[in-house]
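Asker: Spelled out from the first residue to the last, the chains are:
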Amino acid sequence: METQYRFQKKHILGIEDLSPEDISFILDAADSFKEISQRSIKKVPTLRGKTVIHLFFEPSTRTRLSFEIAAKRMSADTFNISASTSSAQKGETLVDTARNLTSMNPDIIVIRHSSSGSPHLLAKHIGASVINAGDGTHEHPSQALLDMLTVRENKGQLKDLKIAIIGDIIHSRVAHSNIIGFTKMGAHVHVSGPATLIPPGIEKMGATVCHKVEEAIEDADVVMALRIQKERQFDPLFPSLREYAICFGVNDTRIQSAKPDAIIMHPGPINRGVEMTCEVADGKRSVIMDQVTNGVAVRMALLYLIMGGEDR
Amino acid sequence: MTTKPLLLKNGRIIDPANNIDQQGDILIINNQIARKGKSGTLSCPDNGRIVDLNGKWIVPGLIDMHVHLREPGEEYKETIASGTQAAAAGGFTAVACMPNTNPVNDCQTVTSFILAKAEKEGSARVYPVGAISKSSSGTELAEFGEMKEAGVVAVSDDGRPVANSQLMRRALEYSSNHNLLVISHSEEMSLSQNGAMNDGILSTRLGLRGIPRVAEEIMVYRDLALAEYVGRPVHIAHMSTRESVDLVRRAKAKGCKVSAETAPHYFSLSEEAIGLYDTKAKMNPPLRTHDDMLAIRDGLRDGTIDAIATDHAPHSVMEKDVEFDQAANGIIGLETAVPLTLALVNKNILTPSRMIELLSVNPARILRVEGGTLSEGKIADITVIDPEKKFVYSKEGIVSKSKNSPFLNWELTGKAVLTILGGKITFSDLEI
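Going line by line, the protein sequences match chains A and B. Going letter by letter, the first sequence gives residues 2 to 313 in the numbering used here. Going letter by letter, the second sequence gives residues 1292 to 1723 in the numbering used here.
Everything labelled a hint here was simulated from the structure, so no lab data went into it. A couple of the hints might just be wrong.
As the list claims (entries may be wrong) - Calculated pairs, DSS-like style, for lysine-lysine (alpha carbon to alpha carbon, straight line, at most 30 Å):
1. A:K11 x A:K125
2. B:K1611 x B:K1692
3. B:K1571 x A:K125
4. A:K125 x B:K1694
5. A:K91 x B:K1694
6. A:K205 x B:K1571
7. B:K1611 x A:K91
8. B:K1638 x B:K1680
9. B:K1692 x A:K91
10. B:K1439 x B:K1548
11. A:K185 x A:K11
12. B:K1571 x A:K10
Unchecked claim - Ranges of calculated distance between the beta carbons of each label pair, as one might list FRET restraints:
13. B:S1666 x A:T197: 54 to 60 Å
14. B:E1563 x A:T197: 23 to 29 Å
15. B:R1592 x A:N101: 49 to 55 Å
16. A:D78 x B:H1581: 44 to 50 Å
17. B:E1464 x A:G274: 53 to 59 Å
Cβ coordinates follow ideal geometry from the N, Cα and C atoms, glycine included.
All chains, please: the whole structure from these sequences, using the hints.
Answerer: As structure tokens, then:
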């Protein structure tokens, strides 16, 4: 007898914790939620009476707004705490913040924090579900899910695709989550960039390291460029932005060796002219804005599923 | 002060300094080892006490040559009183405390304060280690002569490594005038800064900035090279990697005057112990790979590594129950050193004699302090170990003020059950 699949995660801390079945299930759910955002009245009562707190210790425009829109379209009550308004400024520890929030009985905490593992610390001290909206240089699971949704929409599948990820891999939680996620789904991830931005042991996570950007892009189905994260660099990792753009930037010439129907992605925000030229970012192969649209659907799906997936 | 005579009977006397490992009795009168003999050959004076130690080991008092007692400055983590009580509970009769207190132990005032406190409140001998540079700031040498006069047994840059090679060279040279040992905390800071764990696949997976092994090895090499160049001894603290062990092995083969220590966590754990961001497994140097752990065990077995020191580093929950990259480095170690080292004996990596060399004989020799022997006429610093005793290392049972240990809730085998300092019992788990 076939056992019925059930989504059973309480927290979404990383792609690492999700099985391929979980990922497919989330993407299917997200697919069905996309339609809600096309309606003239963009609201369903699914999460009515649920409290969602967005706890952002790092600046964010896209992710935070996307989570907030997702929660509001599901009728949850949402609250925002950012680093500048929180007690963190007064020296309160994350654990104390967690305990105080618990006392107010929220259902879901969405956290972004500059320290890797902070969502895990929060989850240990809080009764509510925790969604990781980006922790240090560790993971950014909802971004990887929206990327996978975007690729699946465009390519019909994830299995056996060649995914090229170019740029600052070492500081990129998006890259980490995508390498884990795409590899789990049977795609082949190739990474390239300055060797100083390729983390040790990345091959063991399933990625193939290419010294030349061209090798990574050749015959790729997907070309994703990552933002150069100046804020996470403690020491000089490459000579100049100018040289970076020349040697590693994704430009029209470089993407010619990708498959003719290859799509171009970027998790944003883009440093135009550095990791990607305007021509590529705004070109007809670019699905960068679809990624943003899908972000709302994926986050609606996550909120829905960790709340038990009832009353749909 | 006089205490009642004490006869330790029927124990297994392990006294590597005298090449002894046999059943026997030891009679303590006043603060000295009065007699030592075969089982049943000694009798106790009428006013004395007799303890039967069948199945237990009688060894020279253990000496931990690398601890942090946190006083002065961070008394909420540990004090000289609480730290030496933890030492006694772990079987130690002496500890050498590192200079990274607040203020730094870089002058006779701080050294004298530590010694006065230890004299008044201590449950173990305390040997202060002075700073190599003033305020440990790495710019000018601290006043070695004055500190030596006040009682330091060595100088070290522990906690704030000397980056400047010329300063390290001068420290090694100048130490000869004062007959002081230089202890090297080997860390190239430009490679390790902001790092939170060993650099490798695991740090990549956890998104934590790595501390590469070469950050340690480069400085082990530098300090060995400098010491050889100026012809002075050097002691390498808390080695954690295979290559560090090899570097010391080669230096010793060449005849260099080098000694080295490691800590129990480096031969008991690998970086996997971090799991999902367990700050109790965060220390500096960081836990390394399984292969490094095996190399450290080899170094202990073959004599490359001279001493096991705990690097006892108490921290409160305020420093530890936080985000991993923001958590303080270090774990407590005084109360787990005996069972963790015994685990190597039970794995046939170390003999019981070798274990006692590492925990008592060699630290005494390296620091040139009393102890490390059970010779008649010597001071009665003695530890009794029950090698079979099983216990769960629980928060409630910890004597140290701080509870930051990755070994919490482990079931451990082997424990110090009686600690005697100068003839006086400082810790007992026995019915006496």
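Asker: Does each hint fit the structure? Answer for all of them.
Answerer: Checked hints:
1. A:K11 x A:K125: 12 Å, holds
2. B:K1611 x B:K1692: Given that 30 Å is the threshold and the Cα spacing comes to 14 Å, the pair holds.
3. B:K1571 x A:K125: Cα-Cα ~15 Å, so holds.
4. A:K125 x B:K1694: 19 Å, holds
5. A:K91 x B:K1694: Given pair K91 (chain A), K1694 (chain B) holds - Cα atoms ~27 Å apart, limit 30 Å.
6. A:K205 x B:K1571: Distance of about 26 Å is within 30 Å: holds.
7. B:K1611 x A:K91: 19 Å, holds
8. B:K1638 x B:K1680: Holds, because 17 Å separates the two Cα atoms, which is no more than 30 Å.
9. B:K1692 x A:K91: Given pair K1692 (chain B), K91 (chain A) holds - Cα atoms ~27 Å apart, limit 30 Å.
10. B:K1439 x B:K1548: Distance ~21 Å between K1439 (chain B) and K1548 (chain B) Cα, so the pair holds.
11. A:K185 x A:K11: Distance ~21 Å between K185 (chain A) and K11 (chain A) Cα, so the pair holds.
12. B:K1571 x A:K10: With Cα atoms ~27 Å apart, K1571 (chain B) and K10 (chain A) stay inside 30 Å; holds.
13. B:S1666 x A:T197: 54 to 60 Å: 59 Å, holds
14. B:E1563 x A:T197: 23 to 29 Å: 27 Å, holds
15. B:R1592 x A:N101: 49 to 55 Å: 52 Å, holds
16. A:D78 x B:H1581: 44 to 50 Å: Holds: the Cβ-Cβ distance is about 49 Å, inside 44 to 50 Å.
17. B:E1464 x A:G274: 53 to 59 Å: Distance hint for E1464 (chain B), G274 (chain A) holds at roughly 55 Å.
Of the numbered hints stated above, none is contradicted by the structure.
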